[in-house]
Amino acid sequence: MKAFLGLSLIFALEIIQQSTALTFYPRGSRSRVPRRPTGEGTLQSRDKKNIMDAGSLERILALKGGYDSTIGPDPSNPIQFFTLAGGMCPYAARTLIVFHELGLPFETVEISGKPDWYLQINPRGKVPAIRVPADNNEVIYESSICDEYLCDMYNNMNQDSTSTLMPNDPIQRARIRLLNDQTDTVLSPAFFTYFMNNNDTKDEEMLQKLENALNFFENALKTYGGPYFNGLEFTLADVHLLPFFLRMVVTLRHYKKYTLSEEKYPRLLKWFELCSERNSVKVASKPDQVIIETYKKFKDMNYKFGGLNKN
Amino acid sequence: MGGYDATVGADPSTPLQFFTLPGNTCPYAQRTLITLYELGIPFDITEVSGRPMPDWYLKINPRGKVPAIRIPTCDYEVVYESAICNEFLCDYVTFTLNKHQELMPQDAVMRARIRLLNDHCDNIFSKTQFTYLMNKDTDRDIQLANDMEEALMVYEEALEKSGGPYFLGNQFTLADLHILPFIQRLVVSLRHWKGYSLPQDKFSRLLDWFSLCLERESVKKSSMDDEKIIRVYQRFMDANYSFGGLNQNKT
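Order-wise, the sequence lines are chains A and B. The numbering of the first sequence is numbering that gives the first Met the number 0, which starts it at 0 and goes up by one. The numbering of the second sequence is numbering that gives the first Met the number 0, which starts it at 0 and goes up by one.
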């Protein structure tokens, strides 16, 4: 999972544009819902109920001067979610969707560049990362690992009503993980390589690779009955692909004049429409125009997408 | 011999099928073999080879790689990619057989730590091993050995943090077996071709961990001996093998 930290300075502009959405809470004056200390170990169900009554789930911390990781948040605080300033990172978008699907309280901390204090939190310096005060400030990174952790943690806390985001059936879990592996190791490189290709003679071959990769997903919807990849329930397999699929559809239409055909991908297109109606997905999405502008910058700088652009 | 006819299929009472390379030389497949032995799951081995792999195998695993497992009792579902196979096997014991297993604990933080270590092995560490091994420019050797040691420090630190003797503490888990086959090959091949050994002062816990792992039955049954490792790696050296891109030298 790669994050596009190099562009964070460019995205700083987007923070200023979004400033009406930001509320700055100077440290120490942040209003807090009184709650019983949870002590050590994982959040207990009774405490989860208190936090869930707290109203708004998301607060954004001030960026000025950075965030001092050595102080650390109070153990009774909700999970910290580290993402790129501007929220454009598709990997972090996955974890944002999971937070909303599970209804888990969290605080967003936006990162620009690779400040030292963040490298102490995530030595790879990338997003997403999460830090869990109730689990001794454990830090977890890599989107798949964050997402599975949140599901594991939620299911352990809610054993009578586990989430369907990651089912308990071993075969279904393997299918979901294989689909996610396909997204990361086959589809993403095919998309970025095709998108960034400037050599007209190679376009057809690269498009073929991309379509082969997409066929895998169309077939999964067919084989397992749909409308979601695992069947009737929305799972991590859908989450994992969505932010990439959105960017792919928008940028290929705009820059390559390519749209997925109804004839070849009827189920995949319906899947995307259906997923886009979910609140969690709406929150994590970006408008077409923002995507188009961001990807223009990638094109102009011959961006490598962390090695996924194979040109 | 003559290949395996995937259309015939197996009796539902047939044990799980495990696909690996002949002589079980593949370190990725060895991870899954260790897992199968540790969990005590009955299985049959099917060896497969070829460049490219035969069509009947590509129907089973479209990526044409090992390991893969096929489960007759789950409608002949096929699972591939070593990490996914191994988590599946642990899930299978926990949720289908309803038995306790400790290779993949139920605690959410422990699971995340195991997955992070395994991600580190695959995405950060293993290329340092092969890049150093396959490097032909002796001026770069010291730097490449340093890069590899830096990547390995994560494991030494994990042992320090957990108290050992295994990465997560008292229990042998998927995190130990994920890197183990690579360390086995590292120790033998780097000694033979580079005259290199892991320094005792830097990696005292890791070296203890390694000795301890080698005593496990599952590891003994699934490992190649040193002579065989050297024979297999001689072929790689002769062919300037890319190790699927993990050898990052430019030649």
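These are computed hints drawn from the structure, not numbers from a lab. Fair warning: there could be bad hints in the mix.
Claimed, not checked - Selected chain A positions facing chain B (Cβ under 8 Å, derived; list incomplete):
no.	residue
1	Ile-139
2	Glu-147
3	Asp-151
4	Asn-167
5	Pro-169
6	Arg-172
7	Ala-173
8	Glu-203
9	Met-205
10	Leu-206
11	Tyr-257
12	Leu-259
13	Glu-261
14	Glu-262
15	Leu-273
Note that CB positions come from ideal geometry on N, CA and C, so glycine has one too.
Holds or violated: the hint that Arg-172(A) contacts chain B, with Cβ atoms closer than 8 Å. 6 Å, holds
Can you verify the interface hint for Asp-151(A): is its Cβ closer than 8 Å to any Cβ in chain B? At about 4 Å, which falls below the 8 Å cut-off, the nearest Cβ of chain B leaves the hint on Asp-151(A) intact, so it holds.
Taking the least C-beta to C-beta distance, is Met-205(A) closer than 8 Å to chain B? 19 Å, violated
Is the interface hint satisfied for Glu-262(A)? The criterion is a beta-carbon contact with chain B at less than 8 Å. 23 Å, violated
Quick check on Ile-139(A) please, does its C-beta sit within 8 Å of some C-beta on chain B? 5 Å, holds
Taking the least C-beta to C-beta distance, is Tyr-257(A) closer than 8 Å to chain B? Interface hint status for Tyr-257(A): violated (24 Å vs cutoff 8 Å).
So, as I understand it, the hint says Asn-167(A) touches chain B; can you test that by seeing if any CB pair is closer than 8 Å? 5 Å, holds
Less than 8 Å between beta-carbons is the criterion; does Glu-203(A) satisfy it with respect to chain B? 22 Å, violated
With a cut-off of 8 Å on the beta carbons, see whether Ala-173(A) makes it to chain B. 4 Å, holds
Identify whether the interface hint at Leu-206(A) stands, where standing means a beta carbon of chain B within less than 8 Å of its own. 20 Å, violated
Is the shortest C-beta separation between Leu-259(A) and chain B less than 8 Å? 21 Å, violated
Is the shortest C-beta separation between Glu-261(A) and chain B less than 8 Å? This interface hint is violated because 25 Å lies over the 8 Å limit.
Hints 8, 9, 10, 11, 12, 13, 14 and 15, counting from the list given before, are not met by this structure.
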